[in-house]
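Visitor: Take a look at the letters that make up each chain.
There are 2 protein chains.
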Amino acid sequence: MIEDKNQSKTDISSLGEFGLIEHLTKNFKIYNKSTIKGIGDDAAVLKFEKEHIVVTTDLLVEGVHFDLSYMPLKHLGYKSIIVNLSDVFAMNAIATQVTVSIAISNRFPLEALEELYAGIETAAKVYGIDVIGGDTTSSTTGLLISVTAIAGIEKENVVYRNSAKPNDLLVVTGDLGAAYMGLQVLEREKEVFKVNPNNQPDLDDYTYIIERQLKPEARKDIVKLLSDLDVKPTSMIDISDGLSSEIIHLCKQSKVGCDLHEDKIPLDPQVISTCEEFKIDSTTIALNGGEDYELLMTVSQNDYSKIKGNPNLTVIGYMKERNAGMHLITRAGTQIPLKAQGWNPLDAS
Amino acid sequence: MIEDKNQSKTDISSLGEFGLIEHLTKNFKIYNKSTIKGIGDDAAVLKFEKEHIVVTTDLLVEGVHFDLSYMPLKHLGYKSIIVNLSDVFAMNAIATQVTVSIAISNRFPLEALEELYAGIETAAKVYGIDVIGGDTTSSTTGLLISVTAIAGIEKENVVYRNSAKPNDLLVVTGDLGAAYMGLQVLEREKEVFKVNPNNQPDLDDYTYIIERQLKPEARKDIVKLLSDLDVKPTSMIDISDGLSSEIIHLCKQSKVGCDLHEDKIPLDPQVISTCEEFKIDSTTIALNGGEDYELLMTVSQNDYSKIKGNPNLTVIGYMKERNAGMHLITRAGTQIPLKAQGWNPLDAS
Numbered sequence: 004m005i006e007d008k009n010q011s012k013t014d015i016s017s018l019g020e021f022g023l024i025e026h027l028t029k030n031f032k033i034y035n036k037s038t039i040k041g042i043g044d045d046a047a048v049l050k051f052e053k054e055h056i057v058v059t060t061d062l063l064v065e066g067v068h069f070d071l072s073y074m075p076l077k078h079l080g081y082k083s084i085i086v087n088l089s090d091v092f093a094m095n096a097i098a099t100q101v102t103v104s105i106a107i108s109n110r111f112p113l114e115a116l117e118e119l120y121a122g123i124e125t126a127a128k129v130y131g132i133d134v135i136g137g138d139t140t141s142s143t144t145g146l147l148i149s150v151t152a153i154a155g156i157e158k159e160n161v162v163y164r165n166s167a168k169p170n171d172l173l174v175v176t177g178d179l180g181a182a183y184m185g186l187q188v189l190e191r192e193k194e195v196f197k198v199n200p201n202n203q204p205d206l207d208d209y210t211y212i213i214e215r216q217l218k219p220e221a222r223k224d225i226v227k228l229l230s231d232l233d234v235k236p237t238s239m240i241d242i243s244d245g246l247s248s249e250i251i252h253l254c255k256q257s258k259v260g261c262d263l264h265e266d267k268i269p270l271d272p273q274v275i276s277t278c279e280e281f282k283i284d285s286t287t288i289a290l291n292g293g294e295d296y297e298l299l300m301t302v303s304q305n306d307y308s309k310i311k312g313n314p315n316l317t318v319i320g321y322m323k324e325r326n327a328g329m330h331l332i333t334r335a336g337t338q339i340p341l342k343a344q345g346w347n348p349l350d351a352s
Numbered sequence: 004m005i006e007d008k009n010q011s012k013t014d015i016s017s018l019g020e021f022g023l024i025e026h027l028t029k030n031f032k033i034y035n036k037s038t039i040k041g042i043g044d045d046a047a048v049l050k051f052e053k054e055h056i057v058v059t060t061d062l063l064v065e066g067v068h069f070d071l072s073y074m075p076l077k078h079l080g081y082k083s084i085i086v087n088l089s090d091v092f093a094m095n096a097i098a099t100q101v102t103v104s105i106a107i108s109n110r111f112p113l114e115a116l117e118e119l120y121a122g123i124e125t126a127a128k129v130y131g132i133d134v135i136g137g138d139t140t141s142s143t144t145g146l147l148i149s150v151t152a153i154a155g156i157e158k159e160n161v162v163y164r165n166s167a168k169p170n171d172l173l174v175v176t177g178d179l180g181a182a183y184m185g186l187q188v189l190e191r192e193k194e195v196f197k198v199n200p201n202n203q204p205d206l207d208d209y210t211y212i213i214e215r216q217l218k219p220e221a222r223k224d225i226v227k228l229l230s231d232l233d234v235k236p237t238s239m240i241d242i243s244d245g246l247s248s249e250i251i252h253l254c255k256q257s258k259v260g261c262d263l264h265e266d267k268i269p270l271d272p273q274v275i276s277t278c279e280e281f282k283i284d285s286t287t288i289a290l291n292g293g294e295d296y297e298l299l300m301t302v303s304q305n306d307y308s309k310i311k312g313n314p315n316l317t318v319i320g321y322m323k324e325r326n327a328g329m330h331l332i333t334r335a336g337t338q339i340p341l342k343a344q345g346w347n348p349l350d351a352s
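Chains A and B, in that order, are what the protein sequence lines are. In short: position in the first sequence from 1, add 3, done, that's our numbering. In short: position in the second sequence from 1, add 3, done, that's our numbering.
With the rest of the complex left out, here is chain A (with noise of 0.2 Å):
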């Protein structure tokens, strides 16, 4: 579908590496003073007037991360850059900007580059990010995006991953799973169209779903908002993995054990409805779903006040002792202990 077939498309070869980082990035806007140069150098150089640096990468791998025949290239190329911006903003920072490194294949035309750096591009302006370097070479076989976000804080704004402690909330943004379940409903739709493929999907009842799973968004207005409520958690990470995963790496890092709230656990009426009709248990895909970019933090009681009711902040449990463990507690009151793997029903006896 996306291979060059299509003999008026442009060979990417014929721009040469420089050309083609030019053409593609022609229109990319600075958005921030602290980028004093962008790309054009060996280097970017950027100025921060904040005292601290995060720095963080992550690499996404065609065939292991996404699937070009559900995943348009121009939601590749946003998500791409959501993804990082998800890890900045878990430091409690305000990400300014991202290098962005492709390898490519040659059986994608330039048209496809296009798409893929628009999306990139978009994400930009939407989250105020400056693209200030990166590489794009060609690759032997598959589709290779590597993005590294960096941002400035005050020494004091940063908020780690281990820094929790006993009787703090356990405190969740936005909804969880529905990025897996919109995964499981395309996984499904491409074993359709295999079979039949003038088959036209009905995707109405998933599009909230397939939405996190395509173009998800990064909680930048969760820093914010914690500045507005004067609420520093005392420990954040963001839920790339799965609540599960994330809850064990945040209570082994901070040494304290916890307490999850199954019946507290957000979760969206079309991630309970898809779940049913895939019998699968909600929970579970909470708990190990993963790709839901949603931040998991520790907030101390004090400030319990300042956070209460407020919609984009659940609170799903209580941080405890680290000898007390680290358990699900079901609706029926069952205590379950929580596994980096995920929770599995067939588990609890």
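Worth double-checking, as some hints may not be accurate.
Where chains are identical, the list cannot tell them apart; a pair therefore holds if satisfied intra-copy or between any two copies.
Unchecked claim - Only pairs whose alpha carbons sit at most 30 Å apart, straight line, appear in this in silico DSBU-like list of lysine-lysine:
| # | residue 1 | residue 2 |
| --- | --- | --- |
| 1 | Lys12 | Lys218 |
| 2 | Lys223 | Lys50 |
| 3 | Lys158 | Lys50 |
| 4 | Lys255 | Lys32 |
| 5 | Lys255 | Lys158 |
| 6 | Lys267 | Lys282 |
| 7 | Lys36 | Lys258 |
| 8 | Lys50 | Lys235 |
| 9 | Lys168 | Lys50 |
| 10 | Lys255 | Lys323 |
| 11 | Lys36 | Lys255 |
| 12 | Lys32 | Lys158 |
No wet-lab data here; the hints were simulated from the structure.
Start from chain A and add chain B according to the hints.
Guide: Structure of chain B alone, referenced to chain A:
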């Protein structure tokens, strides 16, 4: 050779992503006090006393940038760091941190990744670099390494590539063409090996050029030397794509012309003898070979006395007004326009 045919080798997937990163980086040291938080959170946290930050990134792809049939994994890990550091040094900055992301197919056993990281660790030690983050993911096919390097630098010390002036001296470090000729020897030995796997190659005559290909170094020493000599180049760029191409970048971005003198181009005797053996013109190789990771700079004539006779710095030409163009002045005194694709002696009529 490197594929996992040995059943006693460890399967990467047995460790899981988090266990893998921890396993591979557990011996890595932190050398710089600018690293506040390295690996282990959503993002690394840095603090620079200097005003500006320099950021650069590069991607190395199997089958495009390296061939594992003669590139040992440890050398590859080392080189992946070097190519990025070279870009930082070309800004006149001392690199202090890198992030390293690796996509690797499961045909590689854990022991192969350990070799790769041993090379990264060695480069980190030799250059005083902290590995502050990264991502390790599976790949459906080959090996890919994405590195981002960072440095703090005083504002007044940054050297860009767009600030050369007419009459400046054109100066290069080290010698040129060796990495390319090393590659030619390795490619030839690979063909010999295919025909006769029992043949033991005698590479004694090529040790320097092969080392320049397999284990290049980046010129951190030059940044220190320039500081000691109290010379701030008027412009600087690293030579990764061959002298000709880099001179053209520097001239175009600085809006100047230049004369490059063929008889001044520094060549190692092994390059000259190997070029003779391969019946290739050594000037062509120096102009277009690439991968030398030397620095090309322009220096004000006022600073000539400071650099004169320094064995690390060779004056190879002079900058001119833009409308004078960019030329190679041959040994015979002929003036030939420089080309990004290199100087083809057949064009010289």
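Visitor: Against each hint, give a clear statement of whether it holds in the structure.
Guide: Against the structure, the hints come out as follows:
| no. | hint | in the structure |
| --- | --- | --- |
| 1 | Lys12 to Lys218 | within (26 Å within a copy, 40 Å between copies) |
| 2 | Lys223 to Lys50 | both (21 Å within a copy, 22 Å between copies) |
| 3 | Lys158 to Lys50 | both (16 Å within a copy, 9 Å between copies) |
| 4 | Lys255 to Lys32 | between (41 Å within a copy, 22 Å between copies) |
| 5 | Lys255 to Lys158 | within (24 Å within a copy, 41 Å between copies) |
| 6 | Lys267 to Lys282 | within (21 Å within a copy, 75 Å between copies) |
| 7 | Lys36 to Lys258 | between (39 Å within a copy, 26 Å between copies) |
| 8 | Lys50 to Lys235 | both (25 Å within a copy, 20 Å between copies) |
| 9 | Lys168 to Lys50 | between (35 Å within a copy, 26 Å between copies) |
| 10 | Lys255 to Lys323 | within (12 Å within a copy, 63 Å between copies) |
| 11 | Lys36 to Lys255 | between (38 Å within a copy, 26 Å between copies) |
| 12 | Lys32 to Lys158 | both (28 Å within a copy, 23 Å between copies) |
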